[in-house]
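Visitor: Single-letter residue listing:
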Amino acid sequence: MLRKEESFPERPVIIVLYGTPGVGKTSLLNTCDTPVLIDCDRGADRACNRADGTIIATKWDDVLADGAEIKQFKTVGIDTAKAVLDDFLMIYVVDKDYKLKTNKLKAYGAIGDEFKAFINVRRSEGLDIVIIAHAKEEKDGDVIRLSPDVTGQSKDLILRIADQVGFITMVNNKRTITFEPTDKTIGKNVARIPTMEIPDEKTPEFKTFGANLISKVKESIRTQSEEQIKAQQVLVEFQDKLSLCETSDNFMSIIQECTTLPDHQKAAIKNLISKRVDLLGLKYDKKSNSFIEKI
Amino acid sequence: MIRVTTLESFRRFRDNVTETYDTEEKLIEHIKGEFKGNCKTEIGSAFHFLIEHKEMDTNDITDFLKFGVIFNTIHFDTAYKHAENISPFVPEIRKSKVFNTGKYKVEISGCTDVLQGNTLRDTKCKFSAPTYMDYYNSFQWRIYLSIFGLDRFLYDIFEFIGYKDEMVKDVSSLVLKQHDPFECIRYEKMESEILTLINDFMDWIYFRNLQSFI
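Taken in order, these protein sequences are the chains called A and B. Numbering-wise, our numbering puts 105 at position 105 of the first sequence, and it's gapless, one number per residue. Numbering-wise, our numbering puts 70 at position 70 of the second sequence, and it's gapless, one number per residue.
Simulated from the structure, these hints should not be mistaken for lab results. Computed from a prediction, not measured in an experiment: that's the story for all the values here. Glycine is no exception: its CB is placed at the ideal position from the N, C-alpha and C atoms. Mixed in with the good hints there might be a few duds.
As the list claims (entries may be wrong) - Taking lysine-lysine pairs in the BS3-like style, the calculated list, with each CA pair at most 25 Å apart, reads:
no., chain 1, residue 1, chain 2, residue 2
1, A, K275, B, K169
2, A, K270, B, K26
3, A, K116, B, K54
4, A, K275, B, K189
5, A, K136, B, K189
6, B, K169, B, K26
7, A, K82, A, K106
8, B, K97, A, K270
Unchecked claim - Here are the in silico distance ranges between beta carbons for each label pair:
no., chain 1, residue 1, chain 2, residue 2, range
9, B, F207, A, T102, 47 to 53 Å
10, A, K275, B, K36, 25 to 31 Å
11, B, Y80, A, K283, 30 to 36 Å
Chain A with its partners taken away, still in its complex shape (with noise of 0.2 Å):
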């Protein structure tokens, strides 16, 4: 059991790679660790290169039956999500309960709930999920973007629990990637990885492009969760000195304490003060520079 101020240990990540058809995502794909594909696609054999292991799926079956093979690689790609969601695991939770076939809204939600079981297995086998989609352009009002083109439901699901999301694209006869989101594509950037371009598929450097990406990623994980402890522990701390404060110079000395925070952390404490000052029925005199008594 984890403590509230320890540390998460390194976890397995998810990342979600789309873009045009032929642009190359399952080829990145197989620059993971050893990855294994689950081709729904029917696209593995269009890479330029094979990954370790390829589950070439008709039915989400086949992919079910495969999960004890599946746990001997390090990545598992899915190609492609929607594919996955829309097609097989439709068919599979229709045939699992009929009454969802006339009940999109509950099929969905099952579909759903399918797929976190699969994620959350491969998970628990400290598994990384890389999930391939094609771009698909997203209309909100006026504003169009691309975004991975899977069902509303099945893509809420999948931005919700990927990492990364990243649109892989040509860019002067270059392939890049972005996961920083902009005005034309849709992007998650947990880890604040720049726009790269992706190394040519003959270079040494492409043959572990992805294990490298997921690599910064975990690393920058574990780096904020660090980071997100020691912020918590700052303001317990507060929270705790604050609740012995009886007098104006204890609360003067709080705010001296402060000045050196970032600014995040002292509006929070100033937020703090404000409501223990008010509990001992104090408040601040700005002439005399001190904490007094209510009248």
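Assemble chain B onto chain A, guided by the hints.
Guide: Chain B alone, transformed into the frame defined by chain A:
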């Protein structure tokens, strides 16, 4: 001083997010302070209150009763359990920031529901299935991250399933579903997009001669 919610309402109008709700008339109503809330916003406020006041004293109970909202015990437990899961946190922090677009210099103010370490969190009560892209597209989280100088924002989404207008503020018969939080992360062009939004907003304010309301 401009509120974050005002800018987000303007963004929805500007981008024509919905033709029914995001009209110019409703935006002007919002800016003039004519929108006083409704049962759904009251239910949301009452639920926020529970998350922030796990241990209620007599004054808190009096304040809570003013909402006039009826929850069931599971709703209370859900709010308290959530508060426990995200603790330690500091609730309701108001902060402002002056943005200089080159053309306008304006102060934007916002009150975050929760500061948890380096993460801002916002509680949303919904009465229909949430659409995560609505949150992704929102400028609320972008502006909050800018004001607080942070990188990570989480939406904690609670859905009252099966709400009907005739229930008014009595949701005690409804199932409350807590969705997984939705994470929003700062990105490179976020600040410049905020400045563009502020520019568009101020241009519109002057065009409609609404300066006195901000």
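Visitor: All the hints need checking, so say for each whether the structure fits it.
Guide: Now the hints, each set against the structure:
Of the pairs offered as hints, the one joining K275 of chain A and K169 of chain B is violated, with about 29 Å between alpha carbons and a cut-off of 25 Å exceeded. With a C-alpha separation of about 35 Å, the suggested pairing of K270 of chain A with K26 of chain B is violated against the 25 Å cut-off. Between K116 of chain A and K54 of chain B, the direct Cα distance comes to roughly 31 Å. Violation of the 25 Å bound is thereby established for this hinted pair. Proposed proximity of K275 of chain A and K189 of chain B is contradicted: the alpha carbons are some 37 Å apart, above 25 Å.
A threshold of 25 Å between alpha carbons decides the hint, and for K136 of chain A with K189 of chain B the separation of about 22 Å falls inside it, so the pair holds. About 23 Å separates the Cα atoms of K169 of chain B and K26 of chain B, which keeps this hinted pair within 25 Å; it holds. Proposed proximity of K82 of chain A and K106 of chain A is supported: the alpha carbons are some 18 Å apart, at most 25 Å. A distance of roughly 16 Å separates the Cα atoms of K97 of chain B and K270 of chain A; the hinted pair therefore holds under the 25 Å criterion.
At about 50 Å, the CB distance of F207 of chain B to T102 of chain A agrees with the hint of 47 to 53 Å. Between K275 of chain A and K36 of chain B the C-beta distance comes to about 27 Å, which sits within the given range of 25 to 31 Å. With their beta carbons about 31 Å apart, Y80 of chain B and K283 of chain A fall inside the hinted range of 30 to 36 Å.
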